[in-house]
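Number of protein chains: 2
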Amino acid sequence: MANETGYSVAVLGATGAVGQQILKTLEDKDFPIKELKLLSSKRSAGKQITFKGENYTVEEAKPESFEGVDIGLFSAGGSVSKELAPEAVKRGTIVIDNTSAYRMDENVPLIVPEVNQEALKDHNGIIANPNCSTIQMVAALAPVRDKYGLKKVIVSTYQAVSGAGLSAVEEMKQQSQDILDGKKANPEILPVGGDKKHYQIAFNAIPQIDKFQDNGYTFEEMKMINETKKILEDKDLAVAATCVRLPVETGHSESVYIEVENGSPDVTELQEVLSAGDGITLKDNPAEQEYPMAVDSVGLPDVFVGRIRRDLDNDKGYHMWIVSDNLLKGAAYNTVQIAESLVRLDLIKK
Amino acid sequence: MANETGYSVAVLGATGAVGQQILKTLEDKDFPIKELKLLSSKRSAGKQITFKGENYTVEEAKPESFEGVDIGLFSAGGSVSKELAPEAVKRGTIVIDNTSAYRMDENVPLIVPEVNQEALKDHNGIIANPNCSTIQMVAALAPVRDKYGLKKVIVSTYQAVSGAGLSAVEEMKQQSQDILDGKKANPEILPVGGDKKHYQIAFNAIPQIDKFQDNGYTFEEMKMINETKKILEDKDLAVAATCVRLPVETGHSESVYIEVENGSPDVTELQEVLSAGDGITLKDNPAEQEYPMAVDSVGLPDVFVGRIRRDLDNDKGYHMWIVSDNLLKGAAYNTVQIAESLVRLDLIKK
Chain A
1 MANETGYSVA
11 VLGATGAVGQ
21 QILKTLEDKD
31 FPIKELKLLS
41 SKRSAGKQIT
51 FKGENYTVEE
61 AKPESFEGVD
71 IGLFSAGGSV
81 SKELAPEAVK
91 RGTIVIDNTS
101 AYRMDENVPL
111 IVPEVNQEAL
121 KDHNGIIANP
131 NCSTIQMVAA
141 LAPVRDKYGL
151 KKVIVSTYQA
161 VSGAGLSAVE
171 EMKQQSQDIL
181 DGKKANPEIL
191 PVGGDKKHYQ
201 IAFNAIPQID
211 KFQDNGYTFE
221 EMKMINETKK
231 ILEDKDLAVA
241 ATCVRLPVET
251 GHSESVYIEV
261 ENGSPDVTEL
271 QEVLSAGDGI
281 TLKDNPAEQE
291 YPMAVDSVGL
301 PDVFVGRIRR
311 DLDNDKGYHM
321 WIVSDNLLKG
331 AAYNTVQIAE
341 SLVRLDLIKK
Chain B
1 MANETGYSVA
11 VLGATGAVGQ
21 QILKTLEDKD
31 FPIKELKLLS
41 SKRSAGKQIT
51 FKGENYTVEE
61 AKPESFEGVD
71 IGLFSAGGSV
81 SKELAPEAVK
91 RGTIVIDNTS
101 AYRMDENVPL
111 IVPEVNQEAL
121 KDHNGIIANP
131 NCSTIQMVAA
141 LAPVRDKYGL
151 KKVIVSTYQA
161 VSGAGLSAVE
171 EMKQQSQDIL
181 DGKKANPEIL
191 PVGGDKKHYQ
201 IAFNAIPQID
211 KFQDNGYTFE
221 EMKMINETKK
231 ILEDKDLAVA
241 ATCVRLPVET
251 GHSESVYIEV
261 ENGSPDVTEL
271 QEVLSAGDGI
281 TLKDNPAEQE
291 YPMAVDSVGL
301 PDVFVGRIRR
311 DLDNDKGYHM
321 WIVSDNLLKG
331 AAYNTVQIAE
341 SLVRLDLIKK
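Same order as they appear, the protein sequences are chains A and B.
Counting from 1, one number per residue, gives the positions in the first sequence under the UniProt record's numbering.
Counting from 1, one number per residue, gives the positions in the second sequence under the UniProt record's numbering.
The following block holds chain A by itself, in its conformation from the complex:
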């Protein structure tokens, strides 16, 4: 489809960490855009952003902003999505929402295109993009599940600060410089902007991402647990998560233990199944010290998998190390992939 006959696209949260990556991905993938609107909160309105060599002025997002918009890519926080997504849908926009606002809504498909693109057909105007840490794990687990079934998943995450926004990245850098200069860190944002206490992230590991729930798990951990079951359409899959924030700018890593249901593939077989998986790049050669790492994943859309090895006590148990750019496959790239799937499945009424 040529660009002059493309879609009217609005990016809400265009000035944020994920918004910027959405624009870059739309550019890189040459998504067919007829008209582009860059939207934000009142605070960021008026900023200038260049897209494909053209200058755009960011406008304040209002319900009317979505008149005539085919696809709205939302990443301006959950409360903004709660307010504006229904308004956009009312005006005929299909919203791909990158916040947690609608992910567990049973009327909203939660999509990782390589895994459950077909679920898009049941959409009611809003489509949810899963949490960053969920996307990369589910992308890697799907081909294993397809071949051997999946019984249990236990994940411990190693998550980058850019998942908490650009201000968290700045905080990490400032704290790092302060500590290298022999000064004290001055925590104001992390682990969670809106929470009561703030802790040093530089040269530390914080076992809290998002707020705590009554059951002792954080919301991030519950997202990984519930979203994984929803995307894999398997309520009985046992999923456990411990989510930890690290002083890494971009690139989430995950130490994942799984138990398969059928068979007991050897590592070579599992490596083959994973390398054949959509969007997965195997990087797994211990003899050559080859394994995925956060800094190597930055700017790439792949989900990298390595350190695959069989559990020494359970012949249906395996360990692996999954790494991906949390702003790309974990957010912006998956969002644009969902838009592409909508086009491919001819689900956008014009």
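None of these hints come from the bench; they were simulated from the model.
A couple of the hints might just be wrong.
Listed next, the in silico DSS-like pairs over lysine-lysine satisfying Cα-Cα at most 27 Å (straight line) [as the list claims (entries may be wrong)]: (1) A:Lys349 to A:Lys90; (2) B:Lys184 to A:Lys235; (3) A:Lys184 to B:Lys283; (4) A:Lys152 to B:Lys62; (5) A:Lys183 to A:Lys173; (6) B:Lys152 to A:Lys152; (7) B:Lys152 to B:Lys211; (8) B:Lys229 to A:Lys173; (9) B:Lys183 to A:Lys183; (10) A:Lys316 to B:Lys183; (11) A:Lys152 to A:Lys229; (12) A:Lys152 to B:Lys235; (13) B:Lys316 to A:Lys235; (14) A:Lys316 to B:Lys283; (15) A:Lys229 to B:Lys183; (16) B:Lys151 to A:Lys151; (17) B:Lys211 to A:Lys316; (18) A:Lys151 to B:Lys184; (19) B:Lys229 to A:Lys316; (20) A:Lys24 to A:Lys37.
Place chain B on chain A using the hints.
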């Protein structure tokens, strides 16, 4: 026992990261020392070190250095221990070895005093101090095992660079500064000094500690697996480990999943069992964002445990977050504790 009637103690590797902490711990605990020898490689010999206000000159370690020495505290690397520990034992010294050289030797007790101090009675001159990441985990698991039995342990570690020595700490700081200055990092040591490839540790997470074994696990992972079984005296305990190096100066963190054998204690009961455990400090109040963190553990001998919660799918499964200063309880402090146990159990022939 008064100091004038104390022991002749030699510290081998006195100038290293762990050696320095051993001296500090001997000082803090006022261990009964009659005579102190500071030993090192030829390269570091001649350096001056102050202990309890007195100046000591570091001497090159030779077999004869151990004449008349009651207790030798070794932390100068595995090959040095292999060479000098038998020589020291021949001269009547009891060696407490902080390297991996003798840990899995069936004639050598592997000791975490709170857990298996009694095994010291079978020593044959050499006693091994476990790997740092093992010690803190086993210290936390022991009281749980004592009360409920233990079936399975799956750990993912978040390990500090000081575990790889002072030069690794310097490398991390230099790389951090270079990256903050917009320059490239220049990796020369980590993940493993003697391995083929070196990777950036600043603002990264490296899923390799120590060299890879033929089975795809690193030596560090196999140490955690085998040492845990040996210390807990349970060959059938299922233990799996994924060991990851972080840009943290000091303080190892561990995300640990366990399955107990008997009963299904609620979280409050488990918290009580853990706080009653020797050397354990519970820090577990999600409502107040209280949990252990690496930077808070530095300089303290405690093993901190928090984020205790029941698995949502297995009522015998629990998750917890275990943090300790890898140079203290993980190394120096445990080493000196072993020496104290030898005194307490009257196992040092004079």
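Item to check | Hints breached by this structure | outcome: Checked against the structure, the hints that fail are numbers 2, 4, 8, 10, 14, 15 and 18, while the rest are satisfied.
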